[in-house]
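Q: Below are the chains, spelled out letter by letter.
Number of protein chains: 2
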Amino acid sequence: MPNFLKNNEVGVFALGGLGEVGKNMYVVEYQDEIIVIDSGILFPDDHLLGIDYVIPDYTYLFENQDKIKALIITHGHMDHIGGIEYLLRRVKIPVIYANGLAIGLIKSKLENHRGYRVDLKEYQEYEKLVLGKLKVSFFRTNHSIPDSFGIVVHSPEGRIIHTGDFKFDFTPTGPDADYQRIAELGKKGVLLLLSDSTNAELNEFTKSETLVSESIKDIFTQIEGRAIVATFASNVHRVQQMVEASIATGRKIVVYGRSMVNTVEVGKEMGYIKAPKTTFIDRNQVRKYPASKVTILCTGSQGEPFAALSRIAAGTHRQISIQHGDTVIFSSSAIPGNQESISHTINQLFKRGADVITNSPLSDTHTSGHAGREELKLMLKLTKPKYFMPIHGEYRMLKIHAQTAVKTGVKKGNEFVLDNGDMLAVTKNSARVAGKVQAGDVYVDGKGIGDIGNVVLRDRKYLSEDGLLSAIITINTKTNKLVTDPNIISRGFIYMKERSELTSEISDLVKEKVSEKLENIQSLDTSRLKRYITNLLRNYINQKTERNPMILPVIMTVN
Amino acid sequence: MPNFLKNNEVGVFALGGLGEVGKNMYVVEYQDEIIVIDSGILFPDDHLLGIDYVIPDYTYLFENQDKIKALIITHGHMDHIGGIEYLLRRVKIPVIYANGLAIGLIKSKLENHRGYRVDLKEYQEYEKLVLGKLKVSFFRTNHSIPDSFGIVVHSPEGRIIHTGDFKFDFTPTGPDADYQRIAELGKKGVLLLLSDSTNAELNEFTKSETLVSESIKDIFTQIEGRAIVATFASNVHRVQQMVEASIATGRKIVVYGRSMVNTVEVGKEMGYIKAPKTTFIDRNQVRKYPASKVTILCTGSQGEPFAALSRIAAGTHRQISIQHGDTVIFSSSAIPGNQESISHTINQLFKRGADVITNSPLSDTHTSGHAGREELKLMLKLTKPKYFMPIHGEYRMLKIHAQTAVKTGVKKGNEFVLDNGDMLAVTKNSARVAGKVQAGDVYVDGKGIGDIGNVVLRDRKYLSEDGLLSAIITINTKTNKLVTDPNIISRGFIYMKERSELTSEISDLVKEKVSEKLENIQSLDTSRLKRYITNLLRNYINQKTERNPMILPVIMTVN
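So the sequences go chain by chain: A and B. This note's numbering puts the first residue of the first sequence at 1, with every later residue one more than the last. This note's numbering puts the first residue of the second sequence at 1001, with every later residue one more than the last.
If you are wondering where the hints come from, they were derived from the structure by calculation, not from laboratory data. Every clue listed holds true.
Pairs of lysine to any residue, SDA-like flavour, derived with a Cα cap of 25 Å:
1. K1351/B to Q1323/B
2. K1461/B to D52/A
3. K447/A to Y1540/B
4. K530/A to S515/A
Here chain A is said to cover these stretches of chain B; the calculated rule only asks that three of the stretch's residues, wherever they fall, bring their Cβ under 8 Å from a Cβ of chain A:
5. 1327 to 1339
6. 1389 to 1400
7. 1450 to 1458
8. 1462 to 1468
9. 1534 to 1547
The beta carbon of each residue, even a glycine, is placed where N, CA and C say it ideally should be.
With these hints in hand, go ahead and build the complete structure from the sequences.
A: Here's what the structure looks like:
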């Protein structure tokens, strides 16, 4: 326990998820016990060149690993479970609790890492886990993946609710959210609410999956050719809607894209996807059916270069090519950063003669999995928390969510907009930001975890803009003279073959200036000479080309 | 004249602007005469690493430069005038016609290039230019920059209208669009309409600037502290709205950001910006006024890293720091690709304690400069063209615009969705795609025009993802032996200091394998040896790290 936490205080903090959408990881700490909620990754934006994922800094958990009672998972999205494999490499976790689909997804993630000893258990909806002084129970929510739950941590000071990712869908595709249990918690008393802020900026009630379902059925009825549908593979409920719309309009379904094939398999196995045996057909059977009786269900709703739909759009898919009458439906929204790729895919599809339908006020092909501001108010009204901490969102979302909480009844001053690592210390009667634990970003690139820092990223950025130019010189340390002409190499700078003049100018310049230098020095200081060459070439090249390639001087010595 | 164009046909084609929003350049060709409309640049998306601008391939104009009668400019946005400086380096243009603000902007662009001989003339709204067999007249439109015009090319076969960028604003900030002249053209007969497709996907009538003006006045009244407003500097009308809202609420205005300062100066000079002398104040006077009486007008609405607002948000602006009560208004929309930077700026502003207002259904702080689908229909109804060619848009926008044209009365088959270079050949009674002229993208990077090709871009992309690793070996060609240990250098690959073990492993590997090779060969084939080293290291590094840095083997020889 950090020394800034008093013995009767419950510490609540995030190691990921505040000021960002991703790498969710929340911690409840009381005396000698720690409960961790979720362990996600963040998909990096374009500025993190070449980075695969970002994970939280696990140092605090590593240093306090003997206190950890369990990791509890709210649901199976990657920003909530994707970090488990990295966490387990560093921190001893006695048991992971998850439910339903999340169990299956975690298992398939960990299969590749058999080295870990981990106890993965399924929690039951109405179960109460006793993990020491802290107890944990659950309530079902609606979200864009089945089996999503809110978590209640019962502490000696009071109930702490973590909503997980949620929305309230009054006509969901799967089971209802458990309004009664949530309201009952509010009646009994909630000390602290941590609630999903993703859509706090949207002044609305997120539309129901049923509206999407009906809209898709409508669209399926109207289109004459094949229906080609791309959606998020993790949204099993949405896939079931496509299945139902296909059945209703007499269409057979063929599935493309690895993760979509996987979703359909798992979904059927676990009972989320229900269809007569003859609904799904093999790829080689497609030709037996007229276009108007075919649905192609595929990945690629974000314009990912190697996904099925992107290859169909580019004309490089081995089995599917766009034919007259095809309609492509994007049952998805654009994740920030993907707009350009999606737009490119849509243009290609139009060009190949397909019609394309995206989510719009005229055709509801998608709805969010997160609560709009009106649902956030409902959660606040149902739980009536004494203290409030918005989670799962960029700073402006958290801020607006906190303002919303105050407007809905949380006492001004009882709302806490925090950063990752900030520890909120609560008791029955008090709440304060007690201090800060170590938190931050760790980059995963290939097999390397945390070996990429800002220097490497800055170099990648630099290289991406004007490439590099290397000048290699060999010096005879006996004579203090150049052994050969400088060797000038560039990549990503300019098409050097076309500019051989520039290359020889640079080589001559280096030869002349370095030879001069060498004549006037007694002993060779290579670092100093490298700096000299770097400055020399940076100025010369910038003046000649207005570009700034990375300059990489290399000095070889022979004697 | 290309041999595929018949003597009585008028050729109409784009060298830029079809399948893209940017580098607009349209050509009308009749017998031995060519008229060019606009000469723009395209701002590259993230895939074109380090590229400053994209311009059209001017080859066709270069080869036919003796036929060029004039370049006519519709308005002063960069995607319509930004290419002029590059065009003039390659192609002889006898005269450029432009109007009002565009004249000033072109002049300031060309000032840096005094070498060109160019005749820049101002056309008058009601003038008819006789340029040979082709004549040109104009009609005023509404757009997000003052002095925007549509162009009418009067050919012996009929009238060809190019709308320029336009919308219909019934309550504009500047003068009305010239409905009467447009309708009169429709009455007299329009052979071919080329019309702006930017917002063809939006099933609406673009809201009026007056609505924005009123909304901004409302916001200014409600905010208690300073109003910090960011907008596009080229939108002089919008800047005038900020001035009026400031005057109405008793605020003094201080201006930050080079292009905004420039807009205010030019705008005042040309009469677009009207304010009492005391409205604009110097930066050192700001402290004399209470926060509620201050408007800060600045650049940075797109989250550009060095713009005034971005520096204010980052806390690095020398004069302005966010104080309690500040409200930042984004009077702008996000240009695709900029969402992440804007979002980052907004988060920072919230974090520093500012309130932030962006364009939304609740606060109309911005409206587009382009016609929504309803206005496109109005243009079609007013002009009643026989043939139709949608321009200025990505493929899906052109396609939807063409469908809209057919729905509004253009005969099915008379609409032409084309690519850059496709030549539409029209006569009184016919229209056909006659052939294709050379068209494409030319990249501008610093001083280099067209010297960056796909090889260089691919290298930049490659370098941006995993950096590079260079192995430098020096071989004595007499003994066929390595002179020193291989020198291993990397940038952007991995933080080598932390992984010195890997470096020495790689060095040892190269030493061992290359020495082996050298023993078994008679004469040194350096290309072959380089390929060998590249493959060796690529496999070794990928297996060790799962990364793929660019491998750059360098072989120095001494004897």
